[in-house]
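Asker: Chain residues, written in single-letter form:
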Amino acid sequence: MIKISANVQRALADETLQGNLRRAFVDTPHPRDEAVSEVPNWEELRRYARDVKAHTLSRLPEYLQSLEEKVLEQGGKVIWAETGQEAVQFILDLSHRRGVREVVKGKSMLSEEIHLNRALERAQIKPVETDLGEYVIQLAGEKPSHLVAPALHKSRKEIADLFVQKLGMAPTGDVLEIIATARKLLRHHFLTARMGITGVNFAVAETGTIVIVENEGNVGLSVSVPEIHIALMGIEKVIPRSRDLAVFLKLLIRSATGQKMTSYVNCLNGPRRSDELDGPQEFYLILVDNGRSKILADDFMRQSLSCIRCGACLDVCPVYQTIGGHAYGSTYQGPLGAMLTPLLTSVGEAPEHAFASSLCGACHEVCPVGIPIPQILLKLRERFQSERNQKAASLSLEKLAMQGWARVMCSPILYARLGRWARMLHKIFGKSGMGRLPIPLFSRWMKHRDLPALPPRSFRELYSSSQEVS
Amino acid sequence: MLHKIRHACAGGSSVELPAEMPEFPHYSDPVEKFRQELERVGGVFLDGRRSEELAGALGLVLKESDSTEIYWEGEELFQRHGISFTLRDPEAFAKGSLLYSFHFRHRVQFPIVLNSKPAERSDLARISLSASGARFGVAETGTVVHEVKAGRGRLLSLLPPAHLVFLSERDLLMNQAMLFLSMPPGQGSALTLVTGPSRTSDIERTLVVGVHGPEKLFVILTS
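Protein chains in written order, with numbering that gives the first Met the number 0: chain Z, 0 to 469; chain L, 0 to 222.
Since the hints were derived computationally from the structure, they do not count as laboratory data. This structure is a prediction, so every number in the text was calculated from the model and none was measured. Where hints are given, some of them may not hold.
Derived Cβ-Cβ restraints for the label pairs, each shown as a range [claimed, not checked]:
| no. | chain 1 | residue 1 | chain 2 | residue 2 | range |
| --- | --- | --- | --- | --- | --- |
| 1 | L | L1 | Z | L417 | 50 to 60 Å |
| 2 | Z | D32 | L | E119 | 42 to 52 Å |
| 3 | Z | F354 | L | E15 | 31 to 41 Å |
| 4 | Z | K390 | L | E22 | 50 to 60 Å |
On the chain L side, residues computed to face chain Z include the following (Cβ under 7 Å) [unchecked claim]:
| no. | residue |
| --- | --- |
| 5 | K3 |
| 6 | P17 |
| 7 | T191 |
| 8 | R198 |
| 9 | V208 |
The C-beta atom is built at its ideal place from N, Cα and C for all residues, glycine as well.
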């Protein structure tokens, strides 16, 4: 079971992390807003993408079969993995058969989801992360804290110190110096590794094309130098036609980094042909389910599978901005992690994720494929609560309190009267905000909540008096 | 597994594919738009549409990339882009080989006089400047499209620190939608959309150019 609350306390108390988060989200405006606002038909693109995804998911078996057919035609192989374990096992077996001791990896959240690196290390195969952010994370022995920028929680100084300590780099505060060190070390791995493993952003059913978006060139090298390329994809990543790519790339890239285009978009059609000069001799596409078909079976929750992993919802989420990615304790963070983690496992396995949201709706607003994340989170809370109610006795204090609250909220007279009483009590008991009330019955509830000072007059009173004046 | 997915799909509502693609932008001067976008991402645009400009453009690329040699794949690249040249040492221009190189001993002047040097694929890792022809260019984003096909590879445009792309004006498309609509069903094993030099923002979201791919990208437009 993944619990969040303890992590949150830790994250809030971690001053370095708080500073890094502030720098990332408060001090520097994200370029997305500008990149999105200069597209006049952004909403039309979103609707189109949402509909294409909904359509594809409703006919997923057809499209997956077509994808498989095309990949086979081009000389690639397709592996269907019902669980993460099956996918991992295939990679281990293949590595053993080919005598592979080292693997260069492009950034893949799915490989995190199925804990591939851990399994490779146990089997004495060295995974080398080649995306700079992932490389930093791997050196630090941590997990990515952001979908798009895995080392977002680290400052330049922390990264420099890490390089000095682990790689023997001369101390420097220069980003260029850090990157030159990584480039030089990784170049060696690129030129010697015999297997490259990458994720997949989109897979085109009509052509069998695997599309991988990147900026550094590390994916390009990972799929070009080694003799074996393995692409890992969740079954939801398939799209019907090449032309849809124009729309999806525009949405994904602007949402993820605010660029118009990334430096590289790799469109791959199987292994090298015999008359080409380089490229992998073997190409494997692993289609991973790992809980996705379970989500697919629920018509409402199915929308969550439209996610294209741009990370926009993380960047705008007030909860994510405050606690960072690690506090979620799961592969996926932010609103998308709050939604996907309990869906991919169960609400029993991730009971707090759906509650790690203020339901402000910013995630839905920026989502390039229009996933109603707050609604999905509400549904998950409902599911969690009904599972709990089934277990516990039906009469609980919380339930009674909520029933009372509901009654008050339904009656304007009652609401106004209680408000007045509360303000009177406040006048009597405390002048400077009530802080944490020492009410024994509510002590658990109050543990994470402050009661702000009540204003002397309610909004309604202010409103009606201002009406009288004018 | 497919059975399980089929079963999961069966209960859900069916949704049709949207009938029409959203509009993508058009430009009155696509070359100018291409230049702007390429320069915005740190690429270098050079107009070589008039043959007398070509030599100057080539000279600039050599100077900027601090190179005296250009390597490329396939024998027709220079001819196809209207670069006429005479060879100082024709025998050394190894016909039949797959990787070619020109060595520039003199200032680049039209017509170009070239020294040719036999090249090996093992040279790839230490080449300082490579060249290739783009299959397409896209004005909307300043993108060039690199196509891997017979006699071509993936690495020549990725490993060297500087890369030069020849783009023919007639292959310049307006926008991404046109690119994906006119993309030929894949003959080769890879098609790469390249937009500017390699870069990263992984450290404090600071943009830094030149990570694993080329740190300099030149595009010469030819007619």
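Asker: Hints first: check each against the structure and report whether it holds.
Answerer: Hint check results:
1. Judged by the Cβ atoms, the range 50 to 60 Å given for L1 (chain L) and L417 (chain Z) holds: they are separated by roughly 58 Å.
2. For D32 (chain Z) paired with E119 (chain L), a C-beta distance near 50 Å keeps the hint of 42 to 52 Å intact.
3. Restraint check, F354 (chain Z) to E15 (chain L): a C-beta distance of roughly 36 Å satisfies the suggested window 31 to 41 Å.
4. In this structure the hint that K390 (chain Z) and E22 (chain L) lie 50 to 60 Å apart at CB holds, the actual value being about 54 Å.
5. A cut of 7 Å between beta carbons decides the hint on K3 (chain L): the least distance to chain Z is about 5 Å, and the hint holds.
6. Taking 7 Å as the C-beta contact cut-off toward chain Z, the hint placing P17 (chain L) at the interface holds, the least distance being around 5 Å.
7. About 6 Å separates the beta-carbon of T191 (chain L) from the nearest beta-carbon of chain Z, less than 7 Å, and the hint is met.
8. Proximity of R198 (chain L) to chain Z holds as hinted, the smallest CB-CB distance being about 5 Å (cut-off 7 Å).
9. Below 7 Å, beta-carbon pairs count as interface contacts, and V208 (chain L) has none with chain Z, the closest being about 9 Å; its hint is therefore violated.
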